[in-house]
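2 protein chains.
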Amino acid sequence: MNEKTTAELENLRGLIDGVDQQLLHLLRKRLDLVAQVGAVKHGAGLPIYAPQREANMLAKRRAEAKEMNIAPQLIEDILRRLMRESYLNEKDVGFKQVKADLGHVVIVGGEGKLGGLFSQMLTLSGYQVKSLDKDDWVNSESIFDGAGLVIVTVPINITCELIADKLTNLPKDCILADLTSIKGAPVEAMLAAHSGPVLGLHPMFGPDVGSLAKQVVVVCHGRDADAYQWLIEQIEIWGARIVEAEPSKHDKAMQLVQAMRHFSSFVYGLNLYKEEADIESLLQFSSPIYRLELAMVGRLFAQSPELYADIIFAQEESLVAISDYLDNYSQALSILKSGNRDAFVEQFAEVSRWFGDFAPQFQRESRAMLQSVNDMKTG
Amino acid sequence: MNEKTTAELENLRGLIDGVDQQLLHLLRKRLDLVAQVGAVKHGAGLPIYAPQREANMLAKRRAEAKEMNIAPQLIEDILRRLMRESYLNEKDVGFKQVKADLGHVVIVGGEGKLGGLFSQMLTLSGYQVKSLDKDDWVNSESIFDGAGLVIVTVPINITCELIADKLTNLPKDCILADLTSIKGAPVEAMLAAHSGPVLGLHPMFGPDVGSLAKQVVVVCHGRDADAYQWLIEQIEIWGARIVEAEPSKHDKAMQLVQAMRHFSSFVYGLNLYKEEADIESLLQFSSPIYRLELAMVGRLFAQSPELYADIIFAQEESLVAISDYLDNYSQALSILKSGNRDAFVEQFAEVSRWFGDFAPQFQRESRAMLQSVNDMKTG
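Protein chains in written order, with the UniProt record's numbering: chain A, 1 to 379; chain B, 1 to 379.
Chain A extracted, bound-state conformation (with noise of 0.2 Å):
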């Protein structure tokens, strides 16, 4: 590189530098007015989250960064990232209380992480909020008595016993709530236990989310929805978005969207393993696509074997789409063993027609994804 180049170069990059300072200026100025914003919604009892609101901002910055020669999609996506800054940063006000003559919480399992996630969001809404776990039931007595809500949040394997045996003896206008992956035998179990209130809910995301701002939280209707219609209110202000469901349908979902999913995600990396694959240089050849998936089954064997467990065997009928999805791959196989292409080339466009305007949908949503997976390479 020549003197010219060098010096050019230099000036351009102390520009660029200048450019960013503004930039960082404008990000905390930015934070701050959202973060009044979100004082302002406190005051008021607003969800955090306003669809129809961001979906204008963004619309019309779009435009205008047309007008700018700008990329549309370049501003949306910073904006969204800012978005999430934002949600992250609304739990540093709190939220509003809506249900503030409520007696306090017992959250069962409060040391667990969901559990611990819950308790921190009813705290910071101003409930008093208790935790009983493993060795406090001898006092149990004292922790229910004049309890509100009671949030059941176990290990699935022990959900319906516990209730059985041990929430049999609730205030009678206490709500009885549980936050397990399943929903049919707990919400009955909860309505054999307890005359009073019941109401089931599936958070749709690990403890690790900062913030609930566009998760998804299940409800399953057990009994006298008047009386925690407050709750659902409580989890809609946080930012969630409530999706409510027949228990027999969501256990039927999650038979594919978990039970199925997760072990499958096991025996790929089961495979690696046998395989003695060298990851190394599976990553040094690794397209972004393949990269993902990767860190996909890779984030799995990070996590607690007894939760997977849990998810996998909480339904006997998940063995049902297990061992399916086995005989669709055993049939898959002898195509190829045939040598037949024709016939995997037809199996394949079967499968598209049936995916149908789903398939060049998930097309673009991965495409973005796959340049954010780019956008994070460092060599």
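Derived by calculation from the structure, the hints in this document are not laboratory data.
The list that follows gives simulated cross-link-like pairs (lysine to aspartate or glutamate, EDC-like), each with its CA atoms no further than 20 Å apart:
#	chain 1	residue 1	chain 2	residue 2
1	B	Lys-249	A	Glu-276
2	B	Lys-274	A	Asp-327
3	B	Lys-377	A	Glu-76
4	A	Lys-337	B	Glu-306
5	A	Lys-29	A	Glu-85
6	B	Lys-274	A	Glu-346
7	B	Lys-29	A	Glu-64
8	A	Lys-66	B	Asp-20
9	B	Lys-66	A	Asp-20
10	A	Lys-249	B	Asp-278
11	A	Lys-377	B	Asp-208
12	B	Lys-91	B	Glu-236
Fit chain B to the supplied structure of chain A, relying on the hints for placement.
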């Protein structure tokens, strides 16, 4: 919402809109400055992607963000997104031509998507490019006459035959290269057909990438590396990262990275179809991780069945990897059927130990991805 709240929110939103407009102006300014950097680099023949400069710049910005009480990851994510945009724009200025005295380039299969991308990149770098497709073989003699580089990019299943049949009479000093996703057989076929310089290339990305910045291109050396060193430099100027590999090692990795991966995604889609899954309702219940996975499977079915058949049928050895997976699935399923939860947990823990530090690394990587998926939600 009372009047005071409405007025307060409107006032704050007006201020946010003002900040966003300033933000757009800064983005415009930054894109222009980086375009000037691109022009200087173009003149000097420097690669568009400079990992070290990027890492230094990000480290400085993160430190400045921290001082202003802004999450360092926020500014890093925004700058990475901006850099992607700038890489895309590099195409507008073109690229430095490394080998000015080269004869023209012939792309055999230039009408295909990947052929089209390489044709575009070479043209933007000042080379004269001719495409040779099915109907052009009658004129092949005149097309090849004076060629300095011939790139073969036709379906895998006809690559070796085409090389052996039709590429035996190239000019002596002409470089012969291919873009096939396996490397052993094509490189051998090229060495046998042509006595001049030979190299195998495998671009590890789809033809829909907007820019080659940070993308991986695998290089398998064939013969007379000095003669084609300029081509490797040219690809680096486009921003790609070169990974050198032995053909056999590359092909072995592809059995897992491509054949097995594509096949198991195919079966996943096939299984959803056979189970008559309701995609709409699966999406409703989806956690970010499942939505992402569904998108990764669904994207397959928006693409050509022939392309995937080619990749899956390309190497006989892939059948072994694909069959091994079936065996492992079947064995793991028998643990499930026996109801032996402890055995499952033990097996899981064994794989976790094997993943070692990669598991938490993948968890961190995928967490960032999942947050992006959530950012994109609209309602």
